[in-house]
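There are 2 protein chains.
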Amino acid sequence: MKAFKISEAVVRRLPVYLRYLTHLQQMKVKTVSSQQMGETLDVNPAQIRKDLAAFGDFGKKGIGYDVDYLINKIRQILKLDREIPVVLVGAGNLGHAISNYNAYMHDNMRIVAIFDVDRRKHGKKIVGLPIQPMDALKQTIQEKEIRLAIITVPASAAQTVAEQLIDAGIKGILNFAPINIHTEKDVRIDNADVTSSLQSLAYYIHE
Amino acid sequence: MKAFKISEAVVRRLPVYLRYLTHLQQMKVKTVSSQQMGETLDVNPAQIRKDLAAFGDFGKKGIGYDVDYLINKIRQILKLDREIPVVLVGAGNLGHAISNYNAYMHDNMRIVAIFDVDRRKHGKKIVGLPIQPMDALKQTIQEKEIRLAIITVPASAAQTVAEQLIDAGIKGILNFAPINIHTEKDVRIDNADVTSSLQSLAYYIHE
Chain A
1 MKAFKISEAV VRRLPVYLRY LTHLQQMKVK TVSSQQMGET LDVNPAQIRK DLAAFGDFGK
61 KGIGYDVDYL INKIRQILKL DREIPVVLVG AGNLGHAISN YNAYMHDNMR IVAIFDVDRR
121 KHGKKIVGLP IQPMDALKQT IQEKEIRLAI ITVPASAAQT VAEQLIDAGI KGILNFAPIN
181 IHTEKDVRID NADVTSSLQS LAYYIHE
Chain B
1001 MKAFKISEAV VRRLPVYLRY LTHLQQMKVK TVSSQQMGET LDVNPAQIRK DLAAFGDFGK
1061 KGIGYDVDYL INKIRQILKL DREIPVVLVG AGNLGHAISN YNAYMHDNMR IVAIFDVDRR
1121 KHGKKIVGLP IQPMDALKQT IQEKEIRLAI ITVPASAAQT VAEQLIDAGI KGILNFAPIN
1181 IHTEKDVRID NADVTSSLQS LAYYIHE
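As given, the protein sequences belong to chains A and B, one line each in that order.
Taking the working numbering, the leading residue of the first sequence gets 1, the next gets one more, and so forth.
Taking the working numbering, the leading residue of the second sequence gets 1001, the next gets one more, and so forth.
Since the hints were derived computationally from the structure, they do not count as laboratory data.
Treat the hints with care, since some could be wrong.
[Said to hold, decoys possible] Below, computed lysine-lysine pairings styled on DSSO-like, alpha-carbon distance capped at 27 angstroms:
1. 1125/B <-> 1144/B
2. 73/A <-> 50/A
3. 61/A <-> 50/A
4. 5/A <-> 121/A
5. 144/A <-> 124/A
6. 1124/B <-> 1079/B
7. 121/A <-> 1121/B
8. 121/A <-> 1125/B
9. 5/A <-> 73/A
10. 60/A <-> 50/A
11. 1073/B <-> 1121/B
12. 125/A <-> 171/A
13. 60/A <-> 125/A
14. 125/A <-> 1030/B
15. 60/A <-> 185/A
16. 1121/B <-> 125/A
17. 1079/B <-> 121/A
18. 1138/B <-> 1079/B
19. 1073/B <-> 1061/B
20. 124/A <-> 1121/B
21. 125/A <-> 1124/B
22. 5/A <-> 171/A
23. 1125/B <-> 124/A
24. 1061/B <-> 124/A
25. 144/A <-> 171/A
Note that the coordinates shown come from a computational prediction; the quantities given were computed from them, not determined experimentally.
Construct the entire structure; sequences and hints are all you get.
Structure (structure tokens):
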């Protein structure tokens, strides 16, 4: 298959389609139309057809998409058809919540190592994984070939932690600390900032 | 001032500008150029100038934007220049983390009530707020005139909780449960889904 670049907007929408399709699969639904998907997900059906057509012609006129087939296809496109190890730094409440949630999801994107700067936490376990000291970060990331990280440390520590992660070989970071992490390197950083999300929502509640 | 609609993309970018500007303010920085902002935030400087010019001509050629002035202006535009009460449903690890974080931020967007279905949690306090039973949800939302909600319940409960919230008058929901909440009403729902964010990131780490 020829490799091609997918736009950032599509890369953001595909996981949303995937989540809905997985829900349909659990409900034993076999086919779905772009119309139905669009209504549920609040995306223009024409947009959905366009997004999916870019990867081949999956839909059948009057029948729609085969749910199982489309799930496999999107997982392939997003390269989720393999085990993806993830490291988490920051074993506070949020770190606990995300680790528990991740273990519960039985996803193949799985937290395999947890780190924290607080020595009182070292050795304690979250979902079976011991909380490790930061000294062990680089070696663990390299040994387990981890490329993806979640940061759940306070804002004041986030930039330093990000630099340690990037130095160890991390290529993608989901950052929950309320600051923008800055990097010169070719690393993808996604800020999952609760305050910013609430601020965007706040705009609409007054309309 | 004439009311005008702001595009969704701009409503998403303004909180990011605001966060960076607030950081500059804390560092006692007085002015900033669109070039500097763009580099730090990974946004095209021309885009920043365009976004901000839509609300008036704030920048001065060769000097840049006045940080304090721009902060006040963006807060006005996003209607953050007033107290915004928020309700949280789901007092698990994630609910705890978000409540603590919100209290720590000293923001004027403030969690003022917390609910959970589990009666063993009722009366226990998070950041000084008692966890209340779901029976009290509607009355509290109406009495405190709350329009914004955060959902941190399991996926299986999220749709029901959302319907109870919307029925009580909620207009904006930040949903952390890993399902798409569906509504016919004119309610804004933002899904803060960790799995979807990781899946988007996973695409890039293989590039």
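Hint check: residue 144/A vs residue 124/A, CA-CA at most 27 angstroms. Holds or violated?
This hinted pair holds, its Cα atoms lying about 21 angstroms apart.
Straight-line alpha-carbon gap residue 1073/B to residue 1061/B, limit 27 angstroms:
Holds, because 19 angstroms separates the two Cα atoms, which is no more than 27 angstroms.
Hint consistency between residue 61/A and residue 50/A [alpha-carbon to alpha-carbon, up to 27 angstroms]
Holds, because 14 angstroms separates the two Cα atoms, which is no more than 27 angstroms.
Holds or violated: residue 5/A and residue 171/A, Cα atoms, limit 27 angstroms.
The given pair, whose Cα atoms are some 17 angstroms apart, holds under the 27 angstroms limit.
Need the status of pair residue 60/A, residue 185/A: alpha-carbon distance at most 27 angstroms?
It is violated: about 43 angstroms lies between the C-alpha atoms, which goes past 27 angstroms.
Satisfaction of hint between residue 125/A and residue 1121/B, Cα-Cα up to 27 angstroms:
Status holds; Cα separation ~24 angstroms.
Quickly compare the C-alpha distance for residue 144/A and residue 171/A to 27 angstroms and report which way the hint goes.
holds (14 angstroms)
Given the hint that residue 5/A pairs with residue 73/A, test it: the Cα-Cα distance must not exceed 27 angstroms.
Holds: residue 5/A and residue 73/A sit about 16 angstroms apart, inside 27 angstroms.
Holds or violated: residue 1125/B with residue 124/A, Cα cutoff 27 angstroms?
holds (25 angstroms)
Given the hinted pair residue 1138/B and residue 1079/B, is their Cα-Cα distance within 27 angstroms?
holds (25 angstroms)
Given pair status - residue 121/A, residue 1079/B, alpha carbons within 27 angstroms
Not satisfied, since the Cα-Cα distance of roughly 41 angstroms exceeds 27 angstroms.
Distance restraint between residue 1125/B and residue 1144/B, which requires alpha-carbon spacing of 27 angstroms or less
Roughly 19 angstroms between the alpha carbons, so the hint for residue 1125/B and residue 1144/B holds.
The structure shown violates the earlier hints numbered 4, 6, 11, 13, 14, 15, 17 and 24.
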